[in-house]
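Chemist: Those sequence lines, one after another, are chains P and R.
Position one of the first sequence corresponds to residue 1 (UniProt numbering), numbered consecutively onward.
Position one of the second sequence corresponds to residue 1 (UniProt numbering), numbered consecutively onward.
For the record, the hints were derived by calculation from the structure and aren't laboratory data.
Just to be clear, a hint being listed does not mean it is correct.
What the hints assert, rightly or not - Covered by chain R, per the in silico footprint, the following chain P stretches (three or more residues, Cβ under 8 Å):
(1) 19–26
(2) 38–47
(3) 83–92
As the list claims (entries may be wrong) - No farther apart than 25 Å at their CA atoms in a straight line, the calculated lysine to aspartate or glutamate pairs in the DMTMM-like style are these:
(4) P:107 to P:96
(5) P:138 to P:155
(6) P:39 to P:59
(7) P:39 to P:50
(8) P:77 to P:88
(9) P:31 to R:153
(10) P:77 to P:64
(11) P:46 to R:47
(12) P:31 to R:55
(13) P:93 to P:74
(14) P:39 to R:47
(15) P:138 to P:154
(16) R:140 to R:153
(17) R:126 to R:153
(18) P:39 to R:51
(19) R:128 to R:153
(20) R:126 to R:55
(21) P:46 to P:57
(22) P:46 to R:55
(23) P:107 to P:118
(24) P:55 to P:70
(25) P:138 to P:159
(26) P:138 to P:148
(27) P:46 to R:51
(28) R:128 to R:55
(29) P:39 to R:55
(30) P:31 to R:47
Quantities reported herein were computed from a predicted structural model and do not represent experimental measurements.
In this text, a Cβ means the ideal position worked out from N, Cα and C, and glycines have one as well.
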Amino acid sequence: MSSTSLTAGNMIAAVLQWVLLLVLLRWFVYKPILAAMQKRRDTIAKQIGDADGLKAEAETLRREAQQLVEQARDEAKQVLASARREAEDQAQKIVEQAQREASYRQKAAIEEIAHERDLALASIRGQVADLVVFAAGKVIERSLTDQDQNRYVEEILQDAGQLQ
Amino acid sequence: MNFSLTGFEWPPFWTGLVTIALVFAFGLIAARRASAAVPSGSQNVMETAIETFQDLVGQMAPPTLAPNLSLLALTLFLMLVVANIIGLLPLPGFGGGWIHSPTAFLSIPSGLAATMFLLIQWAGIKYKGLGGWIYGWVWKPFPVVGLVINALEQLVMPVSLAFRLFGNILAGELVLRMTTHLPHGIGGVLTTFFIGTLWLIFSVVISLIQALIFTILTVAYMSIQASNEH
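Model the full structure from these sequences, guided by the hints.
Modeler: The structure is reproduced here in structure tokens:
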């Protein structure tokens with residue numbers, strides 16, 4: 001065992017073995033593994049980029065959706081308000097019409113009552129005249145002509161009217 | 001210690017081959033279905049190792065050097081870890097006796113350290129230019145005298161790399177074998193078991209640390225050479 005001797009052959013052989021290992025590893029091990037690592041790095045970078053893009057897109061969509069919701073809310077509010085206004089108008093109109101009708105009917109009723117009263121008064125007046133003439137005739141016993149009678153009746157009626 | 005141009009030791013050559021075969025096999029398993037989806041098991045381990053070394057080397061080396069240097073360092077580290085631990089396994093060695101780590105033979109860490117020295121100088125030439133590299137060798141920190149200082153510094157570096165690794169691994173193996181030569185009888189067996197186990201754990205940790213030190217020091221020296229301000 002001469003492990004402390006320096007032999008040129010062994011020195012060169014060791015170096016050649018190392019170089020051989022270097023070449024083998026470089027070609028069959030480092031190259032594919034480094035390629036895989038690089039590919040993974042690229043994939044991750046790309047995925048991060050994609051994620052950023054998707055995030056921006058999602059943000060845009062979210063804003064759009066929010067806008068739509070707000071628009072819909074405004075519209076609903078408008079529809080509700082206009083419906084309420086319309087209903088109020090309608091109610092007002094109905095009430096006004098009812099009042100108008102009521103006052104018209106009242107007026108008509110008053111007019112009719114007045115008319116009936118006039119008629120009744122006229123008829124009473126005629127009957128009273130007849131009665132008076134009849135009674136006066138009975139009293140005077142044909143002392144008067146028809147013309148005198150009529151004039152007389154008028155005078156009485158005028159007195160009667162002043163009495164009223 | 002003696003130097004031989006013609007001599008050759010076969011055991012570290014074979015264990016070295018086994019080492020790179022094991023590392024390569026693990027690498028193949030890890031890269032077998034390298035997928036860009038969620039990684040699992042061995043791929044995860046390999047990815048973690050690569051990223052750890054990319055971070056580690058990226059902190060020291062210039063950006064243009066770091067990607068390749070990190071893979072080079074990782075390969076060195078994986079090879080040294082397996083090489084250091086292989087000698088702790090209870091396996092028969094090539095050429096009789098127990099198996100020995102290839103790094104427990106001085107030639108192997110020395111050859112690697114010499115290569116690291118050359119790589120470090122290459123980094124200096126590449127990043128400072130030939131003129132800048134020579135200037136750095138001869139003129140820093142003092143004109144002309146700097147050459148002596150730099151020669152010492154630069155030459156001590158690979159020697160210390162080689163001997164640190166070699167010494168640690170060889171010592172770990174020797175002490176581990178020694179625990180099997182404790183007194184016979186029940187007391188000896190128990191002592192062997194406990195001390196041996198403790199030393200085995202310690203040696204595994206040492207194996208990892210020494211592999212890391214060899215690798216990180218190389219990267220550090222290279223980064224210093226490659227940086228312009230020095």
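Chemist: Determine for every hint whether it applies to the structure shown.
Modeler: For each hint, the structure was consulted:
Coverage of the stretch 19–26 of chain P by chain R holds. Counting CB-CB distances below 8 Å, 6 residues qualify, and the rule asks for three or more. Only residues whose C-beta sits within less than 8 Å of a C-beta in chain R count toward coverage, and the stretch 38–47 of chain P has 3 of them, enough to reach three; the restraint holds. Residues of the stretch 83–92 of chain P with a Cβ under 8 Å from some Cβ of chain R number 0, which does not satisfy the need for three, so the listed coverage is violated. Only pairs whose Cα atoms come within 25 Å are accepted, and residue 107 of chain P paired with residue 96 of chain P is accepted, the gap being roughly 16 Å.
For the hint linking residue 138 of chain P to residue 155 of chain P, the alpha-carbon distance of about 18 Å falls within 25 Å, and the restraint holds. The hinted pair formed by residue 39 of chain P and residue 59 of chain P fails the criterion: a straight-line CA distance of about 30 Å is larger than 25 Å. A threshold of 25 Å between alpha carbons decides the hint, and for residue 39 of chain P with residue 50 of chain P the separation of about 16 Å falls inside it, so the pair holds. A threshold of 25 Å between alpha carbons decides the hint, and for residue 77 of chain P with residue 88 of chain P the separation of about 17 Å falls inside it, so the pair holds.
A threshold of 25 Å between alpha carbons decides the hint, and for residue 31 of chain P with residue 153 of chain R the separation of about 36 Å lies outside it, so the pair is violated. For the suggested pair residue 77 of chain P and residue 64 of chain P, the alpha carbons sit about 20 Å apart, so the restraint of at most 25 Å is met. With a CA separation close to 21 Å, the supplied pair residue 46 of chain P and residue 47 of chain R stays within the 25 Å bound. With a C-alpha separation of about 18 Å, the suggested pairing of residue 31 of chain P with residue 55 of chain R holds against the 25 Å cut-off.
A distance of roughly 29 Å separates the Cα atoms of residue 93 of chain P and residue 74 of chain P; the hinted pair therefore is violated under the 25 Å criterion. A distance of roughly 13 Å separates the Cα atoms of residue 39 of chain P and residue 47 of chain R; the hinted pair therefore holds under the 25 Å criterion. A threshold of 25 Å between alpha carbons decides the hint, and for residue 138 of chain P with residue 154 of chain P the separation of about 18 Å falls inside it, so the pair holds. Proposed proximity of residue 140 of chain R and residue 153 of chain R is supported: the alpha carbons are some 12 Å apart, at most 25 Å.
For the suggested pair residue 126 of chain R and residue 153 of chain R, the alpha carbons sit about 20 Å apart, so the restraint of at most 25 Å is met. For the hint pairing residue 39 of chain P with residue 51 of chain R, the CA-to-CA distance comes to about 15 Å; that is within 25 Å, so the pair holds. Between residue 128 of chain R and residue 153 of chain R, the direct Cα distance comes to roughly 18 Å. Compliance with the 25 Å bound is thereby established for this hinted pair. Only pairs whose Cα atoms come within 25 Å are accepted, and residue 126 of chain R paired with residue 55 of chain R is accepted, the gap being roughly 22 Å.
For the given pair, residue 46 of chain P sits about 16 Å from residue 57 of chain P by alpha-carbon distance, which is consistent with the 25 Å threshold. For the given pair, residue 46 of chain P sits about 24 Å from residue 55 of chain R by alpha-carbon distance, which is consistent with the 25 Å threshold. Our distance criterion of 25 Å between C-alpha atoms is met by residue 107 of chain P and residue 118 of chain P, whose separation comes to about 17 Å. Taking the CA atoms of residue 55 of chain P and residue 70 of chain P, the gap is about 22 Å. The hint holds against a cut of 25 Å.
For the hint pairing residue 138 of chain P with residue 159 of chain P, the CA-to-CA distance comes to about 21 Å; that is within 25 Å, so the pair holds. A C-alpha spacing of about 15 Å is found between residue 138 of chain P and residue 148 of chain P, which places the hinted pair at or below 25 Å, so the restraint holds. A C-alpha spacing of about 21 Å is found between residue 46 of chain P and residue 51 of chain R, which places the hinted pair at or below 25 Å, so the restraint holds. At roughly 24 Å between alpha-carbon atoms, residue 128 of chain R and residue 55 of chain R fall within 25 Å of each other, so this suggested pair holds.
Between the alpha carbons of residue 39 of chain P and residue 55 of chain R the distance comes to roughly 19 Å, so the proposed pair stays at or under 25 Å and holds. With a C-alpha separation of about 11 Å, the suggested pairing of residue 31 of chain P with residue 47 of chain R holds against the 25 Å cut-off.
In the structure shown, a violation is registered for the earlier hints numbered 3, 6, 9, 13, in ascending order.
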